[in-house]
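Undergrad: Sequence:
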Amino acid sequence: MSEDDILGLVEEVIEEFDFGSYEVDAYLALLENGELTATEVASLTDVPQPRVYDTVRSLEDRGLVEIHESRPMRIVARKPEEAFAAHQQLFDEMVSELDARYATPARTAEAVSVIRSRTTIQRYVEEIVETAEYELTLSLTPALLDRFEPALARAIEADVTTTLLVTPAADAPDPDEFAYERVTTHARARRGVVTPVIAVADGEYAMYATQDALREGNDNYAVIFNRSALGFLLVGFFRTVLWTTAEELSSVESEGGFPRRYASVRQCIDDIGRARTDLYATVTGRRVLTGDPCEVRGEIAKAEITDESEVATLVLATDDGEVTVGGRVATYEDVEAHEIRVTIGSPPDI
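The sequence shown finishes on residue 373 if you use the working numbering, and the numbering steps up by one all the way, no holes.
Among the hints, a few may not be true.
What the hints assert, rightly or not - Now the in silico label distances, taken between C-beta atoms and shown as ranges:
1) D69 with D194: 39 to 45 Å
2) R170 with T313: 41 to 47 Å
3) T313 with I90: 37 to 43 Å
4) G86 with T300: 41 to 47 Å
Claimed, not checked - Computed list of lysine to aspartate or glutamate pairs in DMTMM-like fashion (alpha-carbon distance at most 20 Å, straight line):
5) K102 with E120
6) K102 with D84
7) K102 with D169
8) K325 with D301
9) K102 with D48
10) K325 with D343
11) K325 with E356
12) K325 with D293
13) K102 with E83
14) K102 with E270
15) K325 with D357
16) K325 with E362
17) K102 with E58
18) K325 with E345
19) K102 with E362
20) K325 with D342
No wet-lab data here; the hints were simulated from the structure. C-beta atoms are modelled at their ideal positions from N, C-alpha and C, and glycine is treated no differently.
Kindly generate the complete structure, drawing on both the sequences and the hints.
TA: Below, the structure written as structure tokens:
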């Protein structure tokens, strides 16, 4: 596969996982209720009535629901294992191509490495957990959760926002007996053994592996994105495919204390929405139109997820006027954020 083909495949993965909050909200309601009318979707979710039809049509285009053209129109959720099979296949195809391309990876700051040893995979998971400074995204087996419980507890003590998926759900520790809040901010469990093992620190340093790769005698692999911007792809896959089809185990609301650092614009907006004081931010990233590296700083004038496009945006009042900030692969905003620092009083130094 040529470099252009690989780039096209990565862009296709990004597009496939570009779910908006309305789509996620509506899909979860349909999963929980089986079959709903458009009116029922609006009443059970935060999706405005005028947006319901566009939202469910988008879900139908992605193969997640079926629409029965009756009066009233009825929407039925497809079985998740079937609905997400194509998404999983597309993601696995990308990983396979990266595997072939980086069979002998260069050991640089932006290297993509392929590893096959179970002990090496475990070592990388531990390193990613211990490296995280402000955000951790994890999909772990119960055995890995047990193995890295002390490291996860240290991350929580260091105020690292930790999102944890435990799989298979049948073997996940009972929340009545296990103190999830000691090792994670948000925890869910997902059914079955096909869910991959994922670890992402601060949206960058990341690992993807099959559960089979953790068993001796299996010729499987893990891919390491070492300080690579591709780490955000794993976060997008995790949030849209895995997290939305899992059952909640535990959730601790952030106290929203500042200063804080973020890799995710949406997580940042969630936290600052609870603040009752003027906040300032310094953002490092790239100019959307030119790709040039940049740093912008100023008071947070607005933080919103728009109803029309479901895009998460920060607006900073800078010395040169207002600057809009979006997440990875932003298109509507001025700046694509790689790291956001928020504090009280004045823009923080990097």
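Undergrad: With reference to the structure, classify each hint as holding or not holding.
TA: Here's how the hints hold up against the structure:
1. D69 with D194: 39 to 45 Å: 34 Å, violated
2. R170 with T313: 41 to 47 Å: 45 Å, holds
3. T313 with I90: 37 to 43 Å: With Cβ atoms ~42 Å apart, the hint holds.
4. G86 with T300: 41 to 47 Å: Since the Cβ atoms of G86 and T300 sit about 45 Å apart, the hinted range of 41 to 47 Å holds.
5. K102 with E120: The hint is violated at about 28 Å.
6. K102 with D84: 15 Å, holds
7. K102 with D169: 31 Å, violated
8. K325 with D301: Holds, because 11 Å separates the two Cα atoms, which is no more than 20 Å.
9. K102 with D48: Cα-Cα ~17 Å, so holds.
10. K325 with D343: 16 Å, holds
11. K325 with E356: Answer holds: K325 to E356 is near 13 Å, not above 20 Å.
12. K325 with D293: The given pair, whose Cα atoms are some 13 Å apart, holds under the 20 Å limit.
13. K102 with E83: Holds: K102 and E83 sit about 13 Å apart, inside 20 Å.
14. K102 with E270: 15 Å, holds
15. K325 with D357: 14 Å, holds
16. K325 with E362: This hinted pair holds, its Cα atoms lying about 18 Å apart.
17. K102 with E58: Given pair K102, E58 holds - Cα atoms ~12 Å apart, limit 20 Å.
18. K325 with E345: Distance ~10 Å between K325 and E345 Cα, so the pair holds.
19. K102 with E362: This hinted pair is violated, its Cα atoms lying about 37 Å apart.
20. K325 with D342: Measuring from Cα to Cα gives roughly 16 Å; hence the hint holds.
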